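Undergrad: My request is simple: use the sequences and hints to build the entire structure.
2 protein chains.
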Amino acid sequence: MSASSWNDLPPDALRTLRDRFGERLTTSAAIRHDHGKSEARHETHPPDAVIFPRSTDEVVSVVQFCAAHRVPLVPYGAGTSVEGNAAAVRGGISLDMSEMNQVLSVNQGDFDCTVQAGVRRQQLNTHLRDMGLFFPIDPGADATIGGMASTRASGTNAVRYGTMRDAVLALRVVTADGREVLTSRGARKSAAGYDLTRLFVGAEGTLGVITEVTLRLHGVPEAISSAVCGFATLEGAVETVVHTIQLGIPIARVEFLDDVQMRAVNRWSKTDYPEVTTLFFEFHGSPRSVEEQAQTVAALAADNGGGDFQWSANAEDRSRLWKARHEAYYAALALRPGSIGWPTDVCVPISALAECIRATKADLEKASMPAPIVGHVGDGNFHVVFVVDPNNPAELREAETINHALIERALAMNGTCTGEHGIGLGKMDWLERELGDAVPLMRSIKQALDPQNIMNPGKIFRNLG
Amino acid sequence: MSASSWNDLPPDALRTLRDRFGERLTTSAAIRHDHGKSEARHETHPPDAVIFPRSTDEVVSVVQFCAAHRVPLVPYGAGTSVEGNAAAVRGGISLDMSEMNQVLSVNQGDFDCTVQAGVRRQQLNTHLRDMGLFFPIDPGADATIGGMASTRASGTNAVRYGTMRDAVLALRVVTADGREVLTSRGARKSAAGYDLTRLFVGAEGTLGVITEVTLRLHGVPEAISSAVCGFATLEGAVETVVHTIQLGIPIARVEFLDDVQMRAVNRWSKTDYPEVTTLFFEFHGSPRSVEEQAQTVAALAADNGGGDFQWSANAEDRSRLWKARHEAYYAALALRPGSIGWPTDVCVPISALAECIRATKADLEKASMPAPIVGHVGDGNFHVVFVVDPNNPAELREAETINHALIERALAMNGTCTGEHGIGLGKMDWLERELGDAVPLMRSIKQALDPQNIMNPGKIFRNLG
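Just so you know, the protein sequences line up as chains A and B, in that order. The numbering of the first sequence is the working numbering, which starts it at 1 and goes up by one. The numbering of the second sequence is the working numbering, which starts it at 1 and goes up by one.
Think of the hints as simulated: they come from the structure by calculation, not from any bench.
One-sided and incomplete, this derived list gives chain B residues near chain A with beta-carbon spacing under 10 Å:
| # | residue |
| --- | --- |
| 1 | Thr175 |
| 2 | Asp195 |
| 3 | Ala448 |
As the structure is a computational prediction, the values presented were derived from the model and not from experiment. The C-beta atom is built at its ideal place from N, Cα and C for all residues, glycine as well.
TA: Quick look at the structure:
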């Protein structure tokens with residue numbers, strides 16, 4: 001905690017807070033632990049207390065308390081981030097947004113909706129189902145919309161529909177001085193002042209608490225089809241993707257899974273795909289366009305050593321495919337019971353993707369632990385999940401070495417150290433390497449908007465005070 | 001000037017600057033006047049000097065000079081902005097970017113390019129022509145890419161291809177302390193730190209000087225067709241657009257011109273369109289898709305009182321159409337020789353567009369000056385150009401009153417006071433009205449990044465010191 005320990009806080013102030021939140025303020029060890037732990041490799045950093053607000057006004061009161069007493073505040077969504085983004089490294093309050101889970105409005109005519117930050121993406125799509133609309137951003141996990149905005153999430157549909165940068169039209173945020181701010185109006189575009197919406201998207205809660213999000217929605221496509229195709233070589237799979245993108249085919253999803261990941265998928269999801277480098281595809285459009293897209297991609301795949309192109313317009317086939325893809329992380333962990341996942345992600349220009357994956361695969365083949373590659377390759381973005389024994393320091397060091405080589409490679413190719421996981425605790429040094437002179441600018445903004453450094457301190461930047 | 005007048009600057013410092021730039025530093029009254037005048041209604045505010053840099057290093061040296069002596073610095077592109085965005089209201093140096101006009105690289109495989117800020121959009125498209133690529137953002141004027149980034153420009157193609165917010169992948173900027181900063185790497189997406197790229201896009205030069213821009217490009221569509229259709233009623237034209245958007249038709253352009261504008265177009269461009277509310281369309285895609293899109297829109301138009309739907313796949317017809325559209329502003333001014341243009345623009349949610357245009361047209365029909373409506377209506381964005389006598393104060397007041405009513409109406413509909421012109425000098429009070437509590441946040445960022453207020457001072461914010 002910045003100022004003093006939780007127990008040294010003025011009893012009156014603490015009593016006022018407790019009176020306001022009742023049982024929605026807890027210091028239970030189990031709940032604190034739960035809010036401090038990481039989905040992935042990072043250490044657990046429990047907060048001193050967890051508060052479950054139900055309104056922006058309640059968030060304002062918590063932030064004002066934190067500002068007055070210099071207590072760290074960590075916004076918490078579904079806990080599905082993987083770079084320790086919501087760990088309470090300096091204690092303080094974890095603000096669990098799960099009770100702010102109302103869809104506030106859907107404007108069918110404008111293809112947008114406004115939701116509280118704790119709404120989860122699957123809940124939103126269930127809500128939208130009968131309106132002919134959907135929210136396309138899909139990072140795999142059933143994350144909250146606020147968390148997805150904060151980490152600038154993207155995932156499988158981003159190749160066609162963009163990332164949270166594109167999906168978020170406006171935000172309601174509570175700033176570090178406890179003021180409620182709406183970042184934008186409802187028009188589809190505006191040239192009025194600085195783009196605060198995009199500043200808060202991806203700020204990982206370090207500039208304020210997002211309490212409401214206005215999202216761009218899309219019409220459910222008339223036709224959707226999916227396909228799976230295994231490849232004789234890794235290069236063939238990647239080249240198929242690169243050609244698909246370069247031809248301008250408006251593919252909705254194209255996911256890369258290497259042979260290790262396919263073996264994991266088959267075991268976990270009881271499927272019997274060939275255990276070779278594989279692409280999962282999804283096509284959206286008119287029935288005719290979907291068929292045309294699939295035919296074009298099938299021809300590209302065949303040219304690049306693709307095997308049987310299993311195309312299907314069947315919803316059940318599609319759902320089985322994406323369930324297998326979404327569970328890829330857990331499937332990978334199950335390759336080695338007792339292990340933990342150390343996921344990393346990079347993103348490179350598409351022209352460099354084949355070489356980046358090839359060189360990475362060569363490193364991984366020499367590794368002592370399983371480490372599948374999966375990726376949203378249409379964007380040039382892919383993940384490695386090191387499946388490591390948390391009690392084996394040599395193995396952890398080995399993963400770290402390969403991870404470093406991977407990020408160095410991506411940066412050398414003019415790529416980024418993270419396509420969608422964010423900086424969190426895991427990539428602070430890499431941010432400096434990647435953007436160098438731009439980081440002091442980011443720090444200036446952080447210091448201007450949160451001079452006491454109470455908003456998710458210890459993330460994104462090292463040594464901020 | 002913030003510190004002292006130009007003539008009071010230390011002679012040594014000034015001599016060093018003059019030595020560096022030679023004839024590329026000028027204090028000629030004609031050139032200063034030219035850089036201080038507005039394309040539209042705003043008063044001329046000449047700078048004390050104009051400098052024509054040729055490299056980022058030269059920009060760094062000018063900014064360092066300005067920072068050392070607290071001299072205002074106004075980045076200047078093609079001078080085509082309409083809200084006085086580049087006027088030197090506090091004197092100082094106008095930094096004319098026209099000699100930084102090199103296309104630095106085009107990456108065909110990645111669909112992107114990097115250009116110096118003074119490259120103009122038509123020059124870029126000429127450069128790209130033989131590569132099968134194009135840069136879609138088209139605000140009408142042949143603006144510079146740096147200026148377009150700074151005002152978050154959009155224009156006729158934004159309904160399909162987005163605005164400069166979407167088109168800019170990375171920027172090289174010189175910050176107010178004279179440091180060179182690259183805001184992002186070349187990957188298509190990234191979750192690494194704050195989105196500085198989007199912060200500088202639309203900042204109107206108040207946070208730094210943009211010297212290089214990396215842009216997303218698109219493949220030239222296989223087929224392009226255009227269409228023109230006049231309507232019996234204004235409502236019918238707008239409803240056609242709203243239905244087109246709501247059906248998800250990927251229309252590339254849809255432009256609204258009211259009867260007054262069509263009369264002006266016919267006179268100026270020697271065309272013989274019916275002088276009624278008219279839509280100009282453009283369709284991009286495969287030959288079959290382009291035809292399908294046009295057929296669907298033609299049916300919508302017919303349902304909404306549209307007349308003859310003049311569809312053409314002919315490049316000459318298309319070029320004549322868009323030339324007429326691009327010259328709409330000059331055509332409007334020619335309605336009344338000796339007059340000046342007072343353009344304004346708002347953007348509203350598409351569901352409110354019909355009512356917003358209807359009510360605005362009712363105001364304009366009562367006005368004493370011609371004031372055509374033209375708009376990028378697929379985004380909910382439209383312009384009014386008041387064609388006013390600059391020497392008639394009553395008329396200027398009348399235009400101001402109608403403009404106020406228009407913006408009030410747009411804000412009441414959850415819209416914005418400017419869809420694409422920016423705040424500049426003209427809409428500072430409206431920014432406060434529109435975003436209220438968000439403006440102090442913007443000011444904090446401005447103060448953090450430009451504590452001496454040397455970067456384009458007197459724009460966007462009132463009373464910044």
